[in-house]
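Asks: Two chains, two frames, a set of hints: combine them into the complex.
So you can see what is in the structure, the chains are spelled out below.
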Amino acid sequence: MSDKAIPDEARPALQSRAKLDELEAANIRAGSGKIATNIMHFARVLRSAGLPVGPGKVIEGIKAVETIGLDSRDDFYWALHAVFVNRRDQREIFDQAFHVFWRNPKLLERMAQLVLPSFVDPEAQQQAEEMNRRLAEALKQNPPDMPGEGEGTGEEEDPDVTVDAVMTWSANEVLQETDFEKMSREELEAAKRAIARMRLPIMEVPTRRFKRDMRGNRIDMRATLRAAMRGGGGAIPLQYRKRKRRHPPLVVLCDISGSMSRYSRMVLHFMHAITNDRDRVHTFLFGTRLTNVTRQLRYKDVDEALDKVGEAVDDWSGGTRIGHSLHDFNTNWSRRVLGQGAVVLFISDGLDRDAADGLEDEIERLHMSCRRLIWLNPLLRYDRYEPKSLGAQALLPHVDEFRSIHNLESLDQLSEILTKPAPDKGFGTNPWQEAAA
Amino acid sequence: MSTLPENVEGTLELLGKANYVSDRSLATAVHLSLQLGRPLFLEGEAGVGKTEIAKVLSETLGRNLVRLQCYEGLDVASAVYEWNYSAQMIEIRMAEAEGMSDRDRLGDDIFSDRFLIRRPLLQALEPSDGGAPVLLIDELDRTDEAFEAYLLEVLSDFQITIPEIGTISAENPPIVIITSNRTREIHDALKRRCFYYWVDYPDAERELEILSLKAPQADEKLSRMVVEFVQRLREMDLFKVPGIAETIDWASALHQLDIIELTPEAIDDTLGVLLKYQDDIAKIRGSEAAKILDEVKSEIATAQRASA
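From first to last, the protein sequence lines are chains A and B.
Using our numbering, read the first sequence as starting at 684 and increasing by one per residue.
Using our numbering, read the second sequence as starting at 639 and increasing by one per residue.
The set of hints was computed from the structure by calculation and includes no laboratory data.
Keep in mind it's a predicted model, so treat the numbers as computed, not measured.
Check before you lean on any hint, since a few could be wrong.
[As the list claims (entries may be wrong)] With a cut-off of at most 20 Å between alpha-carbon atoms, the simulated SDA-like pairs for lysine to any residue come out as follows: (1) Lys829/B with Arg978/A; (2) Lys921/B with Asn1013/A; (3) Lys921/B with Ala1039/A; (4) Lys894/A with Asp713/B; (5) Lys894/A with Tyr709/B; (6) Lys829/B with Pro738/A; (7) Lys746/A with Glu644/B; (8) Lys921/B with Asp1044/A; (9) Lys927/A with Lys935/B; (10) Lys829/B with Arg926/A; (11) Lys914/B with Met1051/A; (12) Lys921/B with His1010/A; (13) Lys894/A with Tyr719/B; (14) Lys693/B with Gly769/B; (15) Lys878/B with Thr908/B; (16) Lys894/A with Glu647/B; (17) Lys693/B with Phe785/B; (18) Lys859/B with Ala946/B; (19) Lys829/B with Pro735/A; (20) Lys829/B with Ile902/A; (21) Lys829/B with Arg1019/A; (22) Lys935/B with Glu903/B; (23) Lys878/B with Arg1018/A; (24) Lys914/B with Asn1015/A; (25) Lys746/A with Gly648/B; (26) Lys829/B with Asn959/A; (27) Lys914/B with Arg1018/A; (28) Lys746/A with Lys914/B.
Here chain B stands alone, though its shape is the one from the complex (with noise of 0.2 Å):
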């Protein structure tokens, strides 16, 4: 079992180990979140990295993943866990014809340990090797509140009750890690248990960073006009301005095409990467693109001159 972190820095080279490029703001975060045992409420647009925190947290500290994708209808058969009903009904069946009678210790033989299927939240209140494990809760907000109630308990007390057996709680509480893509909003009671950080885009130096990290086979004087571009996107008027994610789509797929550099024509056809909506798309393709990517190249330019 790996040790948790002493201080801010270590946090911060320990995200970066797993090359996550990570604000020291976050780093903050994170770090107060594992010294004290509080799970970790993630907000932001699609495409920032926030579920990628909980899989580095898991991998540079030699932790487990444990994975709750939420869903609208998400209950407590499929969360917590269930019982295996086709293996209790041979059970009651075996027990018939042995001829057994005692009602009482059947109801504890078929309501047993070995009946029971673990769903995500139980498995992360277990333990297992290399400690307690990273319990990811992903994009909470897809789930009813009725789902978001129950997990206060869970997460408050790090227990869960079981009516035929009784209240399983935690040793060493999981790390937990909470994203939310803001589909709507989440109860002050549930935020009230976390800490709270708001995942941004990243601005253009440490994109770049980013990008030569995720898409090292990217031409570097490529990897800038594509931060560039993203950057300006951003400040636009879109629906649905491109992410983290994107960019390093972007820088891949055009690598993928073998271009070296950024052409109007390039845009146009690889836009699809970036834009995921036709509105954007329509209103950027064309002369739009090519007056951005004129800005992003004198820019260039005059940075290169000044560094000269």
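Pulled out of the complex, with its shape left as it was, chain A reads as follows (with noise of 0.2 Å):
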């Protein structure tokens, strides 16, 4: 195998041959063997695939596979999985890790044999080098975006759609990079002071938790009995609190396909600004399928920020299917997002390619998990708009508002708007609503 051949996650190792061979040979002498080495070179491959897999995890590894014995491989194999593993998704990535690290079945006969002797033979030596060039193999088999290949390539062509003409959004997943553009100076300018003034106007709700507030309306015992004995135990003054108010968390879905296309850079902008803004929000775009971009949002710089959204997404303006999106969310998300009664912000034109197919229970069951429902549409830019489309059809009865963020190719106006306060929610029915019905 050339060098070149060898990622560079595994070349440090190599040129470290004797610095290991040391390591080894204190290991050996202290009882643990090659193993130890061994796991830690599991470690960096996990790590290297993504997993958050520090050295504190390897020490940990190798006293649990102490404990565990070299037995059974079942046993093995759980007893690093209960180390390295921390969350579900990450099980497929240690599993094919695992099968392809540790793949030689006599390989843990002859590592039990290496916890045992009190000399290095030269079997052992060359056991070294085969196992850095596994490593290195293992590696080639696992780069670190490997998790995500299968979907990507999977869903590219769409043979059966047809082309509905009548409305302008595009039929055809475009699976396509969109390149974000740097903005200019000046826009950059216009959009800092934008974001800085910029409040969501969602309410806070009272949380179970107090602080102490003189002007509260309940008795803060342990203040009380505290002030008490600084008093000297006299005369008691009372102390008060009152219950913390705090934002509810806040989850945004937003539609990027190709009829919201002209917005898209603004709303991310704005999704940005608010992700960053307060902790408990949760970020997700969809076209024809759903993508969680908490993670990708939360790197200070926008444009770095926006640089990797455009990584991890590849249906930028290209269809719409919001039932099917949603229905995703609502299975594999909303439990995980919406457990402390969130405000869920639904953008959205409401075009949608499935003709509303589903949509209306989709939408239901959201409204049905959330505090409250709002839905932005830049379309009600247009005076005469009239939700007409079987997609808004179906949105407009379960939301609890409904907004425009007409012109939201100023991100000055867009915050403007959203700084209103919320209109009262009466009991008899929306203006939208009647004119859905």
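Replies: Okay, here's the thing in structure tokens:
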């Protein structure tokens, strides 16, 4: 194998062979043998595959294997699993890495022997070499971005889509990487100013936690007692506390299909701002499928964040399958992110390629699982907009609020619109619901 | 004080003693957690037997079970300790009446052990009969991030600081089991301190085994059908697929109703035991249930022929 074929991650390991040998010798003296080194290598493979495996975990892994022993491959697997995996979605990567890395069935036996001997035999030396090569192979077969690979190529063609010429959205899923052009300096300045002023008009809700407040309406016994002690026990000055208030979690679901493409840049800037503005924000993009981009939007620099989003999402400006995407959200995410009474911001024009197939059920389910569902629709910019499309008809009865984000091209105006307080939620039908009926 | 099992087989046996049917993989994680004194973090859908593990461990090891049920707004006063304020007030009044004016002594008096109310986390750190207790922190995802952060100190050093008294640390760290239904992600910092295990739905064979232990009154043939039916439901696109707890409930319910063979009508009548969302029920009730039942019946018939 040429030097080139060895991934970067493995190269330092090869180069520092001498050092490694020293380490191994020490290990053998210490009684834990080569298995320790191999667990370390295995941990490195996992790390390069994106699992958060630090040095502390390696030590723990070694301890765990010492506890379990090397009698059974299954026990060995689950011991390492208990240490290295800490989210369910990491299991797949772990499983693959494990089978690639520890695939030689006789390896365990030999390793078991290696734990015992007090001398370094030539075979062990060879073993180390073999292992390093195997590691390199494992890395080659497990590039860091592997887990997503299968899905990326699977749905590229979508053969039986009929093009609907009446409406403007594109019927084919366009798998393309949108290249976010950098904003001009002026624009950037304006955006920054706007973002700095931006406040989401979403109510704060009382939590079950308290803080000290002399104007509060409950007595803080602990503080009262302390105050009494300070005063010498003569008089007991009452101290008060009141409920803390806090924003509920916020979930943003944003349509990035073709018909929304002219707004998507501004919306993404906006989402970046609110994602970094507070904790407990989860952001999802959907076109033909749903992508969670919360982590990508957490990058502080907006350009970097949008670049990462561009890499993560591959259905930019394609068709829209709102029902399908919401179904995905409802089954896979709603229980995880809507847990504590979240407010959902649903940004879409309601134009659906699937002709609102299954959409009504899904939006109803979503509505029932969240505290408040706000639909932001750019099409409302047209004075005579009426929710006539099948998608909008299905969505309207199930939203708590329907707001326009017209003039979305300008972030300035967007933030202004969102800063306006929410209209009162009356008991009768809302004007837009009448329009939909 | 019963001793901890020495190997994975021992742990498997231990769980089995209390009628807990476990995968070897789960037993491995439990064993590691017992041996290395680290918390075990169990995640999984509702009704797969996460909480049960803590109960089983406390029962078979003869340890006390200390349970902390998490909820939103759980705070130190209800999770760790609180002062008995009314008793303290009376104490102050008494001191006043006796004309005691030594402020320091009074302070020492009213902030002493006597007035401390121990909540689960503090209880778990104190020595108890039969060895360190089993601490079950149930549904951690229901509490908020602030409490999670507080747990970090408790779980890594097994000590709690009370300003008025000082630091209380556990002589023997408790066996800690944490469960989560994943209604939100738990922070990595906490997970890092634990052994992680995702509790999955069991396969048909194991589920049948569980059913025979937990609902022994149900007819064997009926149990097999129940299990096969539920297994098929889990493959379907439902909002919430039934857990093991639902399977057990369903088998018991059918037994209560004297149903000895599954029929489409019987399923329709009792579907509410299995599925807890109206959408799901509407989807399965009627023809879909009948279809699944037919598949189950033909499969069981094939299996019987093969074994005969």
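Asks: Is it true that the CA of Lys859/B sits at most 20 Å from the CA of Ala946/B?
Replies: With Cα atoms ~16 Å apart, Lys859/B and Ala946/B stay inside 20 Å; holds.
Asks: Is the straight-line distance between the alpha-carbon of Lys829/B and that of Arg978/A 20 Å or less?
Replies: holds, 18 Å
Asks: Tell me if the straight-line CA distance from Lys914/B to Asn1015/A falls inside 20 Å.
Replies: Holds, at about 17 Å.
Asks: Check whether the Cα positions of Lys914/B and Arg1018/A lie no farther apart than 20 Å.
Replies: The given pair, whose Cα atoms are some 15 Å apart, holds under the 20 Å limit.
Asks: Taking only the CA atoms, is the gap from Lys829/B to Ile902/A under or equal to 20 Å?
Replies: Cα-Cα ~36 Å, so violated.
Asks: What's the verdict on Lys829/B and Pro735/A, does the C-alpha distance respect the 20 Å limit or exceed it?
Replies: Since the Cα atoms of Lys829/B and Pro735/A sit roughly 11 Å apart, the hinted pair holds (cutoff 20 Å).
Asks: Run the distance test for Lys921/B versus His1010/A: straight-line Cα separation, threshold 20 Å.
Replies: Holds: Lys921/B and His1010/A sit about 15 Å apart, inside 20 Å.
Asks: Mind checking the alpha carbons of Lys894/A and Glu647/B for me, to see if they're no more than 20 Å apart?
Replies: Not satisfied, since the Cα-Cα distance of roughly 51 Å exceeds 20 Å.
Asks: Decide if the proposed pair is consistent with the structure: Lys878/B and Thr908/B, CA atoms, cutoff 20 Å inclusive.
Replies: holds, 16 Å
Asks: Take the C-alpha atoms of Lys935/B and Glu903/B, compute the straight-line distance between them, and say whether it is at most 20 Å.
Replies: The given pair, whose Cα atoms are some 15 Å apart, holds under the 20 Å limit.
Asks: Are the Cα atoms of Lys921/B and Ala1039/A separated by 20 Å or less?
Replies: holds, 19 Å
Asks: Given the proposed pairing of Lys921/B with Asp1044/A, does the C-alpha separation stay at or below 20 Å?
Replies: holds, 12 Å
Checked against the numbered hints above, the structure breaks hints 9, 10, 16, 17, 20, 26, 28 and satisfies the rest.
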